[in-house]
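What follows is the residue order along each chain.
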Amino acid sequence: MRNTRIRGRVSGRTLTALALLLSTLTLPACGALGVKPWDHDLLAQRAMQLNTHPHITACHEHIYFSKEGSSGGRTFDGGGCGCN
Amino acid sequence: MPASTPFQRDGLPFRALSVIPRRSALAGLSLAPLLLAAPTLARAAPAEDLLHLDSYRGKVVYIDFWASWCGPCKLSFPFMQRMLSAFHRDDFVILTINMDHNRQRADAFLSDQNQDGLPVIYDPSGQIAKRFGVKAMPTSLVVDKSGVVRFTNEGFFTDRVSAYEAHIWELLSEKH
Amino acid sequence: MQLKRRKMSRGVAPALGLLTANLLLATAALADPLGPAAPPPVANANINDDTETDLGLTRVDSAVLFYHEANGRVQTTEPMISVAFNSEDGDVLSVKLTSDTLTGATPNGAAPWKQAQTFTTPAQAPGSTAVVTSASGGSSLVTLPGTGTVVRQYTTPAHQLPTDTGFRDQRYAVDAGYSMQWSPESRVSIGGSVSTERDYRSGSINAGYSRDLFEKNTTVSVGLNLEFDQSRPYFGTPTPLTVMSGDAKGGNKSKTVQNIVIGVTQVMNRIWLANLNYSAGQSDGYQTDPYRIISVVDPVTGGPTQYLYESRPSSRFRQSLYMGNKIALGPTFADVSVRAYHDSWGINSITAEINERIPLLSWIYLEPQARYYSQTAATFFHDYLVSGQPLPTYASSDSRLGKFSATTLGLKLGIKTGSTSEFYMLAENYKQSGKSTNPNAIGDLASENLFSGVNATSLVVGFTFAFR
Chain A
1 MRNTRIRGRV
11 SGRTLTALAL
21 LLSTLTLPAC
31 GALGVKPWDH
41 DLLAQRAMQL
51 NTHPHITACH
61 EHIYFSKEGS
71 SGGRTFDGGG
81 CGCN
Chain B
1 MPASTPFQRD
11 GLPFRALSVI
21 PRRSALAGLS
31 LAPLLLAAPT
41 LARAAPAEDL
51 LHLDSYRGKV
61 VYIDFWASWC
71 GPCKLSFPFM
81 QRMLSAFHRD
91 DFVILTINMD
101 HNRQRADAFL
111 SDQNQDGLPV
121 IYDPSGQIAK
131 RFGVKAMPTS
141 LVVDKSGVVR
151 FTNEGFFTDR
161 VSAYEAHIWE
171 LLSEKH
Chain C
1 MQLKRRKMSR
11 GVAPALGLLT
21 ANLLLATAAL
31 ADPLGPAAPP
41 PVANANINDD
51 TETDLGLTRV
61 DSAVLFYHEA
71 NGRVQTTEPM
81 ISVAFNSEDG
91 DVLSVKLTSD
101 TLTGATPNGA
111 APWKQAQTFT
121 TPAQAPGSTA
131 VVTSASGGSS
141 LVTLPGTGTV
151 VRQYTTPAHQ
161 LPTDTGFRDQ
171 RYAVDAGYSM
181 QWSPESRVSI
191 GGSVSTERDY
201 RSGSINAGYS
211 RDLFEKNTTV
221 SVGLNLEFDQ
231 SRPYFGTPTP
241 LTVMSGDAKG
251 GNKSKTVQNI
261 VIGVTQVMNR
271 IWLANLNYSA
281 GQSDGYQTDP
291 YRIISVVDPV
301 TGGPTQYLYE
311 SRPSSRFRQS
321 LYMGNKIALG
331 PTFADVSVRA
341 YHDSWGINSI
351 TAEINERIPL
361 LSWIYLEPQA
371 RYYSQTAATF
381 FHDYLVSGQP
391 LPTYASSDSR
401 LGKFSATTLG
411 LKLGIKTGST
421 SEFYMLAENY
431 KQSGKSTNPN
441 AIGDLASENL
451 FSGVNATSLV
461 VGFTFAFR
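Taken in sequence, the protein lines are chains A, B and C. 54 is the number that my numbering gives to position 54 of the first sequence; each next residue is one higher, with no gaps. 29 is the number that my numbering gives to position 29 of the second sequence; each next residue is one higher, with no gaps. 422 is the number that my numbering gives to position 422 of the third sequence; each next residue is one higher, with no gaps.
Simulated from the structure, these hints should not be mistaken for lab results. Treat the hints with caution; some may be incorrect.
Examples of chain C residues lying across from chain B (beta carbon under 10 Å, computed) [to be verified]:
#, residue
1, Ser87
2, Glu88
3, Gly90
4, Arg168
5, Asp169
6, Gln181
7, Glu215
The list that follows gives simulated cross-link-like pairs (lysine-lysine, DSBU-like), each with its CA atoms no further than 30 Å apart [to be verified]:
#, chain 1, residue 1, chain 2, residue 2
8, A, Lys36, B, Lys130
9, B, Lys59, B, Lys175
10, C, Lys403, C, Lys431
11, C, Lys114, C, Lys416
12, B, Lys175, B, Lys145
13, B, Lys135, A, Lys36
Ideal Cβ positions, reconstructed from N, Cα and C, are used throughout, including at glycine.
Just chain A, with the same shape it has in the complex (with noise of 0.2 Å):
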């Protein structure tokens, strides 16, 4: 138990220590990114949404929600055809 109490720490420390890293590396060179605003076509597929059956991930939420230790992560701006 003690050593899962300690790998714990070093685990939360690691994904804040982690989840920064990745913002400060990620956002400058996301300028460099990405494509032309004409040529969001295969983006635009509804296919290519990042939540394409709210339902199925709301029932998905929910399953795994109740039956594991676990919960949240996604959300689901962005993609798309870029219009508007």
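Start from chain A and add chains B and C according to the hints.
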């Protein structure tokens, strides 16, 4: 940039990459798409030539960049149709530029829109859009009678239709 | 008994329900009203060539979940329906109704034993004189000699995992959200939800903001969620780590949850969209399962000497880092994601999922799915406690807090019934595996299966359509 020398031939980007510290490797890698696009940029013709805009001198030109996969474009076409009927005069022209990679999808969109009288110029490689500095889809530009781009609208919003109309009126009432 | 599922923080779920409304705006489209003329055939036309958007449409999406666990455990039927009103300029108002009917048995937390075990719970709600007249499946009402108190008792046969067949429960939930285009580069959303069932109530509000950068190749978003939950167990709330009995229990308990999600979505190239989210949540208040017990066993034989109500900490801080990807690989679309999770109860987990949408004809696709999950145990998780040893402050034998891994295998089918409508169906099997026998367990417990994870099959059937 000399039109005849593709960017990567002088070797500069590759030399630069070798001295970039590992930390910046990610930033360096992200330059790759730009390098790939560079040759096209180097050889593109001036935008005005691509659209023969000089032949529309003395007229107000409404240029609309659209694609079959663009939702708001579905709403902008009826608007343009209305503008064509409302401003049915010799000094008003609408040009639509299609950005689809797949020509058939563009044609399917046009047939569904039942549109009539709006000229379509196909720009699958994006040359025209690039030279006009298109930053969003759809984009409409309104060019005045002396050939100057006076209004740029990024996106198409139905609650701004009166503003779009006003732009056209304003330029139409100017003397050449 | 109750709590076939943890009805605790719905965490990001309400925010999700609302934020998905954004999704409807983000897709761009080929205008394809159901007109008389069919569009000319498109090269490589398949069901994945669908760029329809919901701008200006009202979308109705309805589905039912049938969930069934093996061995007489929990079964639920959960119908849901949502309506989203999309304006032409990208504002969305959405409402979702969900109902949930639950039956079946849940492990009560006690360890199995080589002899039959009998468990005692109250037979009436605190302060009430009404007594449960027909206890469901397998339990009976017994009058205790001497006191004349009526209690409910049930017996688990030898070598079986003790479960309480529980009460049928009904849950109703309403979620609503409004999302608007704040400026051409940003969106704002707000929402709320309410959920109620006999022994639990939950309410939440959420708000979100997202901003596009770099010609909409990058979207950064932040979402906040606040939730208030009230636990109202049928027979009152027992004092943690007291002996399981038919005595009257305490009153209702509550907890609050605060959650934040920060995300970046990045168009990597024409065929790849990546999404990275960091979320953190703090739960404060009552987080114990009021119906669960833990066995205290003899240090030599492993036989149960008493059953104590479990106890969990009243504070929990969770964090997760999630990375999702959508990749257009030729005619198919792949969805690959990974999530790392850690919380202050000591649970660390890793989740990996992959789905691949494969078009079969122009109007039908199949999407095989696989998910792998693995978690470590909470610091206070114990299969059982040992008599004579000092009682820990917190203890729970709930396998959902234990060490286990789980695999889901599923197949989704989609049938395009119109330009904006689809019939969809997903069949899945979800199996948890943990250490089934522990040779280091005390006495005869070494030959018992102490793991009470689930093995479930589920089916979601849904239909969605949109109109002007």
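Hint-by-hint comparison with the structure:
Annotation: Ser87/C was flagged as interfacial toward chain B, and the flag holds, the nearest CB pair being 8 Å apart, inside 10 Å. Hint status for Glu88/C: holds, given a least beta-carbon distance of 5 Å to chain B, under 10 Å. Given hint, Gly90/C at the interface with chain B, holds; its Cβ is 8 Å from that chain's nearest Cβ, closer than 10 Å. At a threshold of 10 Å, the smallest CB-CB gap from Arg168/C to chain B is about 45 Å, leaving the interface hint violated.
Look at Asp169/C: its Cβ only gets to about 42 Å from chain B, farther than 10 Å, so that hint breaks. Because the closest C-beta pair between Gln181/C and chain B is about 8 Å apart, less than 10 Å, the hint holds. Look at Glu215/C: its Cβ gets to within about 5 Å of chain B, closer than 10 Å, so that hint holds up. Proximity of Lys36/A to Lys130/B is assessed by CA-CA distance (about 9 Å); at most 30 Å being required, the pair is judged to hold.
With a CA separation close to 10 Å, the supplied pair Lys59/B and Lys175/B stays within the 30 Å bound. Under the criterion of a C-alpha separation no larger than 30 Å, the hint pairing Lys403/C with Lys431/C is consistent with the structure, at around 14 Å. Only pairs whose Cα atoms come within 30 Å are accepted, and Lys114/C paired with Lys416/C is rejected, the gap being roughly 55 Å. Straight-line distance between C-alpha atoms of Lys175/B and Lys145/B comes to about 8 Å, which keeps the hinted pair within the 30 Å bound.
The suggested pairing of Lys135/B with Lys36/A holds, with an alpha-carbon distance near 8 Å, which does not exceed 30 Å.
When held up to the earlier numbered hints, the structure conflicts with 4, 5, 11 and fits the remainder.
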